[in-house]
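Trainee: Chain A is already provided as a structure; the job is to place chain B on it using the hints.
2 protein chains.
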Amino acid sequence: MKEFRPIEKFHLNNINNIIIVASGKGGVGKSTVAAVIAISLAKKGFKTGLMDADLYGPSVPTLFNLQNERPISNEKDGKTSIMPFIRAGIKIMSLGFFFNPEQAVIWRGPMVTNAVKQLMNDTEWGKLDYLIIDTPPGTGDILITLVQQFSINGALIVTTPQLISLADVQKSIDLFNAANIKIPVLGIVENMSWFSPSMHPDEKYFLFGKGGGESLSKQFEIPLLAQIPINENICNQCDFGLLEEMLLDYDMSVSFDQVLKSLI
Amino acid sequence: MKEFRPIEKFHLNNINNIIIVASGKGGVGKSTVAAVIAISLAKKGFKTGLMDADLYGPSVPTLFNLQNERPISNEKDGKTSIMPFIRAGIKIMSLGFFFNPEQAVIWRGPMVTNAVKQLMNDTEWGKLDYLIIDTPPGTGDILITLVQQFSINGALIVTTPQLISLADVQKSIDLFNAANIKIPVLGIVENMSWFSPSMHPDEKYFLFGKGGGESLSKQFEIPLLAQIPINENICNQCDFGLLEEMLLDYDMSVSFDQVLKSLI
Numbered sequence: 001m002k003e004f005r006p007i008e009k010f011h012l013n014n015i016n017n018i019i020i021v022a023s024g025k026g027g028v029g030k031s032t033v034a035a036v037i038a039i040s041l042a043k044k045g046f047k048t049g050l051m052d053a054d055l056y057g058p059s060v061p062t063l064f065n066l067q068n069e070r071p072i073s074n075e076k077d078g079k080t081s082i083m084p085f086i087r088a089g090i091k092i093m094s095l096g097f098f099f100n101p102e103q104a105v106i107w108r109g110p111m112v113t114n115a116v117k118q119l120m121n122d123t124e125w126g127k128l129d130y131l132i133i134d135t136p137p138g139t140g141d142i143l144i145t146l147v148q149q150f151s152i153n154g155a156l157i158v159t160t161p162q163l164i165s166l167a168d169v170q171k172s173i174d175l176f177n178a179a180n181i182k183i184p185v186l187g188i189v190e191n192m193s194w195f196s197p198s199m200h201p202d203e204k205y206f207l208f209g210k211g212g213g214e215s216l217s218k219q220f221e222i223p224l225l226a227q228i229p230i231n232e233n234i235c236n237q238c239d240f241g242l243l244e245e246m247l248l249d250y251d252m253s254v255s256f257d258q259v260l261k262s263l264i
Numbered sequence: 001m002k003e004f005r006p007i008e009k010f011h012l013n014n015i016n017n018i019i020i021v022a023s024g025k026g027g028v029g030k031s032t033v034a035a036v037i038a039i040s041l042a043k044k045g046f047k048t049g050l051m052d053a054d055l056y057g058p059s060v061p062t063l064f065n066l067q068n069e070r071p072i073s074n075e076k077d078g079k080t081s082i083m084p085f086i087r088a089g090i091k092i093m094s095l096g097f098f099f100n101p102e103q104a105v106i107w108r109g110p111m112v113t114n115a116v117k118q119l120m121n122d123t124e125w126g127k128l129d130y131l132i133i134d135t136p137p138g139t140g141d142i143l144i145t146l147v148q149q150f151s152i153n154g155a156l157i158v159t160t161p162q163l164i165s166l167a168d169v170q171k172s173i174d175l176f177n178a179a180n181i182k183i184p185v186l187g188i189v190e191n192m193s194w195f196s197p198s199m200h201p202d203e204k205y206f207l208f209g210k211g212g213g214e215s216l217s218k219q220f221e222i223p224l225l226a227q228i229p230i231n232e233n234i235c236n237q238c239d240f241g242l243l244e245e246m247l248l249d250y251d252m253s254v255s256f257d258q259v260l261k262s263l264i
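Protein chains in written order, with my numbering: chain A, 1 to 264; chain B, 1 to 264.
Hints in this document: simulated from the structure, not taken from any laboratory.
There may be inaccurate statements among the hints.
[To be verified] Derived EDC-like pairs: lysine to aspartate or glutamate, alpha-carbon spacing no greater than 20 angstroms straight-line:
{"id": "1", "chain 1": "A", "residue 1": "K47", "chain 2": "A", "residue 2": "E244"}
{"id": "2", "chain 1": "B", "residue 1": "K218", "chain 2": "A", "residue 2": "E244"}
{"id": "3", "chain 1": "B", "residue 1": "K44", "chain 2": "B", "residue 2": "E245"}
{"id": "4", "chain 1": "B", "residue 1": "K261", "chain 2": "B", "residue 2": "D251"}
{"id": "5", "chain 1": "B", "residue 1": "K182", "chain 2": "A", "residue 2": "E102"}
{"id": "6", "chain 1": "B", "residue 1": "K261", "chain 2": "B", "residue 2": "D129"}
{"id": "7", "chain 1": "A", "residue 1": "K204", "chain 2": "A", "residue 2": "E214"}
{"id": "8", "chain 1": "A", "residue 1": "K76", "chain 2": "A", "residue 2": "D122"}
{"id": "9", "chain 1": "B", "residue 1": "K43", "chain 2": "B", "residue 2": "D129"}
{"id": "10", "chain 1": "B", "residue 1": "K210", "chain 2": "A", "residue 2": "D239"}
{"id": "11", "chain 1": "A", "residue 1": "K204", "chain 2": "A", "residue 2": "D239"}
{"id": "12", "chain 1": "B", "residue 1": "K47", "chain 2": "B", "residue 2": "D129"}
{"id": "13", "chain 1": "B", "residue 1": "K204", "chain 2": "A", "residue 2": "E232"}
{"id": "14", "chain 1": "A", "residue 1": "K210", "chain 2": "B", "residue 2": "E75"}
{"id": "15", "chain 1": "A", "residue 1": "K210", "chain 2": "A", "residue 2": "E244"}
{"id": "16", "chain 1": "B", "residue 1": "K47", "chain 2": "B", "residue 2": "E244"}
{"id": "17", "chain 1": "B", "residue 1": "K204", "chain 2": "A", "residue 2": "E203"}
{"id": "18", "chain 1": "A", "residue 1": "K9", "chain 2": "A", "residue 2": "D122"}
{"id": "19", "chain 1": "A", "residue 1": "K218", "chain 2": "B", "residue 2": "E102"}
{"id": "20", "chain 1": "A", "residue 1": "K204", "chain 2": "B", "residue 2": "D202"}
{"id": "21", "chain 1": "B", "residue 1": "K127", "chain 2": "B", "residue 2": "E75"}
{"id": "22", "chain 1": "A", "residue 1": "K43", "chain 2": "A", "residue 2": "E244"}
{"id": "23", "chain 1": "B", "residue 1": "K204", "chain 2": "B", "residue 2": "D239"}
{"id": "24", "chain 1": "B", "residue 1": "K204", "chain 2": "A", "residue 2": "D202"}
{"id": "25", "chain 1": "A", "residue 1": "K210", "chain 2": "B", "residue 2": "E232"}
{"id": "26", "chain 1": "B", "residue 1": "K204", "chain 2": "B", "residue 2": "D251"}
{"id": "27", "chain 1": "A", "residue 1": "K204", "chain 2": "B", "residue 2": "E232"}
{"id": "28", "chain 1": "A", "residue 1": "K182", "chain 2": "B", "residue 2": "E102"}
{"id": "29", "chain 1": "A", "residue 1": "K204", "chain 2": "B", "residue 2": "E244"}
{"id": "30", "chain 1": "B", "residue 1": "K117", "chain 2": "B", "residue 2": "E102"}
{"id": "31", "chain 1": "B", "residue 1": "K76", "chain 2": "B", "residue 2": "D129"}
{"id": "32", "chain 1": "A", "residue 1": "K204", "chain 2": "A", "residue 2": "D249"}
{"id": "33", "chain 1": "B", "residue 1": "K210", "chain 2": "A", "residue 2": "E232"}
All of these numbers come straight from a predicted model, not from anything done at the bench.
Bound-form chain A, shown alone:
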């Protein structure tokens, strides 16, 4: 049987670790988790970048209050490079910087693929210990391009506890495990695990079900790194570029320390 010739991969020589944050399902808080991981790594002294590869729904500009910013490009030795923004100590690039927030990106697969490749390669990342990539939901063109054409060191999976989101998440894990891809899945982060109203701190409401992260963890033998509850402040912190505040919450900060242990 003839073996497939592996696709030539791009090597980003100055970047030690490229980590994909994926989920299969949208709306599970993947971008928030990716951003807070990047912030936490930077706080620990690692040189960190955050690449938002979710062309159709880029959240990173909003998360860092960069909605109306446009990156500048640099010409050096005949090569154009794009300057990332620096916020909370991390270098930030997003496909969203190149479109008006209200404007639909009506691009089909091949154009999307080129945009991602170009932005990964042409951003002036400098030397990085970690590049965290926030990916779109699903296992479509963008994720396929990233895993086939870049040397990815590992993937983190974000899910809610809900059964209906697990099927989608399993699909992502399946993609990373595929024989011609083989990207180690470092762990599972269960998000929106429960809600405790600040007025009734002893009550726990499992609005998005229960046990999903644990069941995935057993099924695929991947560690469940953390269960992150939802609280009344997260929404505002995300909407108004106040993500760093999230780590002032003790439980939150412990959760993300747990997640970081899988990376460091």
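Mentor: Frame of chain A; chain B shown alone:
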């Protein structure tokens, strides 16, 4: 200036109204809303179909407890047609029926496009008053194919109240409004608007922010049809194929009646 020749559209002659349920952002409850709209239409006596076009994260099989079912196909006059399942009085087809739930669909754009076209055209819908289409998040290949190649009568937009999801939702509306597409956006459904614990029914927690639906409604002059609160039962109802129970809740049933007024 030369005008673009419009793409030849497929006409599904036996279907009176094809309605797209879209959201831009994943995880806002789009599939649940699409399914409950279909159930409500059937309850009112309309012949209704539900097409799940979310190839990468099909939720409809789980919503109707059809995860392990495979549709049968029929050969008639040399033409193959696929038999939909019938649950809660609606005819149901999903791209998810053709894959194992844990299996990643590693298809790029063109294959996805063909799968959607084939399933729309070859499903034995019979005569329908309404075909409700649940679409994937984003404005990628599947949504582009549906709006360009089928005669869609209208779109419903599902969002959460959160600012960060609004940017993505605006992109979908922008797509429907595009000069060469022009699909009427019938209204906005705000989902997960607040949470009232059953033990404290007077308390309202705005876990996903506030006012997003209203602000979209003003910006695009599209009616805000309903605000649907989250409750402790929805997750189970979705996970275990008990969607019909949702309409036993008085507030829920009133909300969906409001949504239906935009369609009938």
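Trainee: Holds or violated: K210/A with E232/B, Cα cutoff 20 angstroms?
Mentor: Holds, because 12 angstroms separates the two Cα atoms, which is no more than 20 angstroms.
Trainee: For a C-alpha distance cap of 20 angstroms, please report whether K204/A and E232/B respect it.
Mentor: holds, 11 angstroms
Trainee: With a cut-off of 20 angstroms on the C-alpha distance, tell me whether K210/B and D239/A pass.
Mentor: Distance of about 11 angstroms is within 20 angstroms: holds.
Trainee: K117/B and E102/B: Cα distance at most 20 angstroms?
Mentor: violated, 24 angstroms
Trainee: Is K43/B within 20 angstroms of D129/B, Cα to Cα?
Mentor: holds, 13 angstroms
Trainee: For the pair supplied as a hint, K204/B and D202/A, confirm whether the alpha-carbon distance does not exceed 20 angstroms.
Mentor: Between K204/B and D202/A the Cα gap is close to 17 angstroms, so the pair holds against 20 angstroms.
Trainee: Please verify whether K261/B and D129/B have alpha carbons no more than 20 angstroms apart.
Mentor: Distance of about 15 angstroms is within 20 angstroms: holds.
Trainee: Is the Cα-Cα distance between K204/A and D239/A 20 angstroms or less?
Mentor: Violated - the C-alpha atoms of D239/A and K204/A are around 25 angstroms apart, more than 20 angstroms.
Trainee: Does K218/A pair with E102/B here, judged by a C-alpha cut-off of 20 angstroms?
Mentor: Holds, at roughly 14 angstroms.
Trainee: For the pair supplied as a hint, K47/A and E244/A, is the alpha-carbon distance within the 20 angstroms limit?
Mentor: holds, 17 angstroms
Trainee: Hey, K204/A versus E214/A, does the alpha-carbon distance stay inside 20 angstroms?
Mentor: Satisfied, since the Cα-Cα distance of roughly 18 angstroms is no more than 20 angstroms.
Trainee: Keeping to a limit of 20 angstroms between CA atoms, is the pair of K127/B and E75/B held or broken?
Mentor: holds, 19 angstroms
The structure fails hints 2, 11, 14, 15, 23, 29, 30, 31 (numbered hints given earlier, in ascending order).
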